[in-house]
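Peer 1: Here is how the chains run, residue by residue.
Protein chains: 2
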Amino acid sequence: MASYGSTFQGKRVLITGGLGFIGSTLARRLVDAGAEVALVDSLIPEYGGNLFNLAGIEDRVRVNIADVRDQYSMNYLVQGQDYLFNLAGQTSHIDSMREPYTDLEINCRAQLSILEACRRYNPGIKVVFASTRQIYGTPDYLPVDEKHLLHPTDVNGVNKMAGEWYHIVYNNVYGIRACALRLTNTIGPRMRVKDARQTFLGWWIRQVIEGKDIQVFGDGTQLRDFNDVDDAVEAFLLAAAHEGANGKVFNLGSAEVINLKDLAALLVEIHEKGTFRIVPFPADRKAIDIGHYYGDYTAIRQALGWTPGVPLRETLRRTLAYYTQHAVHYWEPSE
Amino acid sequence: MASYGSTFQGKRVLITGGLGFIGSTLARRLVDAGAEVALVDSLIPEYGGNLFNLAGIEDRVRVNIADVRDQYSMNYLVQGQDYLFNLAGQTSHIDSMREPYTDLEINCRAQLSILEACRRYNPGIKVVFASTRQIYGTPDYLPVDEKHLLHPTDVNGVNKMAGEWYHIVYNNVYGIRACALRLTNTIGPRMRVKDARQTFLGWWIRQVIEGKDIQVFGDGTQLRDFNDVDDAVEAFLLAAAHEGANGKVFNLGSAEVINLKDLAALLVEIHEKGTFRIVPFPADRKAIDIGHYYGDYTAIRQALGWTPGVPLRETLRRTLAYYTQHAVHYWEPSE
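Sequences listed follow chains A and B, in order.
For the first sequence, the positions run 182 to 516 when the numbering used here is used.
For the second sequence, the positions run 182 to 516 when the numbering used here is used.
Isolated chain A, as found in the complex (with noise of 0.2 Å):
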């Protein structure tokens, strides 16, 4: 694998989103390898910010909350950085049908505000967005490469696009350097697991934690790719340090593809208990569901050695350990 060595070595990171999942993660990454890491969050309470996230690294971080579309804290924050990992988004498929406007401020305007602040007050910086397979909507073919065409199934998918589209013209026109990664199902410790709207499958975490039965939409055999959290920040990392991704647009993948049935399944047989059944989709989920998909990793390997390396049985069991030891920290029992 390709490395970063100690590129991010006394760098000053922004990282927008960086009380979520992936943010918090990536966090912890940059504060061991000597980074000066900011992290601005808005902690909406439906969205995947957590102060928890930040245990045992609360000192080494800076904390600033703020919401990206807030135009004059972002020219502010940009100011000095180094890179910008900007995570930062709306992430319900189900909410963004619901409430399109806000999808669209968040996932649309605020990322172009982002970028015309790094163009008028730092045009130096470094900028990876992370964007996702949504974006592709129902696929055409399998694995799903970076020649897929965009056809997505929802706002949220159209405001994703968008959002990424910016990127990579602010990159070509402007000499902003920016990458996007079009991550898959992302999972592990300190993922939303409150309720659906980040992933299924934090869901399914909780559910069978709290012994409660899994429900597997449609029929079980829609397949499905997903990466450990570690590998995705990894990739974070990679393409914040190769000048060759300036510009272009990743997806992350997996070599394991498995179907919902059988995932269900093995959470149930790694947690030693809990119980699950197939049902009819919910017809809102339906009209927006995109069937098979996984995707074809093979750019980011050839062009930043990325390769996932955590097995999903391995991520299945450390996720489920963390949240059977920090349930208290991610959900209300009574919810």
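Bear in mind the hints are in silico, worked out from the structure with no lab data behind them.
Since we're looking at a predicted model, the values are computed, not measured.
Incorrect hints may have been included.
[To be verified] Residues from chain A shown here face chain B by an in silico Cβ test under 10 Å; the list is partial: (1) Met278; (2) Asp335; (3) Ala343.
[Said to hold, decoys possible] Some chain B residues flagged as far from chain A (calculated, every beta-carbon gap over 12 Å): (4) Asp240; (5) Gly392; (6) Asp412.
By construction, the Cβ of each residue, glycine as well, lies at the ideal position given by its N, Cα and C atoms.
Chain A is already provided as a structure; the job is to place chain B on it using the hints.
Peer 2: Leaving out everything else, chain B in the frame of chain A:
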């Protein structure tokens, strides 16, 4: 060619951007086809709206001055309409880089709110959206068909891409019948010629009529295709009339492809006076230039029977004739 017969007889039709170039030409065709036509336009001076575009049909259409960003007005105006031709947009690539938020408000947010208005107040409406070949960016291959990746080169392209996809998502998720036409350079009487904001060719036409030197940026070998506005309007009508268009995006295009130097020469030849010269690209235009472009319009030909019928020479001839006669309504001689 397929036809739309008496589809629009007695039907209620709303056109956003209705005082603009294509919108007003569409209005002319629709009143002749027996439709009740309402036009929405904000008459922003930098955009394409011009009341003179209605000369001769003033008494046969209803004009409502409003901005598509005005959500409440749009909520009202879509009600009771059978068809919506959604043509209002910010079209200037350069302006989109200078004022990216304005472009976002018009080309993204207003599109979303128009679709929300349809969903809540008139879900039976049929919508045809004016998209643009600009969203393809610099072509990977020629001619560009609809399977070509979208990789816009400027903020306008990103926002138009999002605006297009909101339409497709609302078609697929909510059954608001909608489709999009990716227009190439459209020319003809009533185009904006005051400046190059709508198309460079409008500016050239003004220059040649005013006896000024046409400036061809680059080396003049960039290939382009052009549609006569009557052909473009025909595509809008066919797309509205045919259910097979729902949820689809279609390129327009032309069998005639010409480079910019030859186009300038043709313009001078038809006008029987004028001059042109090749000049280097200004930096801000070079950064967002797309190189060669011409589109493949096989999909719309096969699905709707559309083919462009007006030869380029004839379009240029009648456009020059129109502006020679009506210049006073389109620009101030002193400008």
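Peer 1: All the hints need checking, so say for each whether the structure fits it.
Peer 2: Right, here's what the structure says about each hint:
1. Nearest Cβ of chain B to the Cβ of Met278(A): about 7 Å, under the 10 Å cut. The hint holds.
2. Below 10 Å, beta-carbon pairs count as interface contacts, and Asp335(A) has one with chain B at about 6 Å; its hint therefore holds.
3. Interface restraint check: Ala343(A) against chain B, minimum CB-CB distance 4 Å, threshold 10 Å, status holds.
4. Non-interface status of Asp240(B) relative to chain A is upheld: no Cβ of that chain comes within 12 Å, the nearest being about 39 Å off.
5. Taking the minimum C-beta to C-beta distance to chain A, about 35 Å, the non-interface status of Gly392(B) holds against the 12 Å cut.
6. With a least CB separation of 26 Å from chain A, Asp412(B) remains clear of the 12 Å interface cut-off, as annotated.
In the structure shown, no violation is registered for any of the earlier numbered hints.
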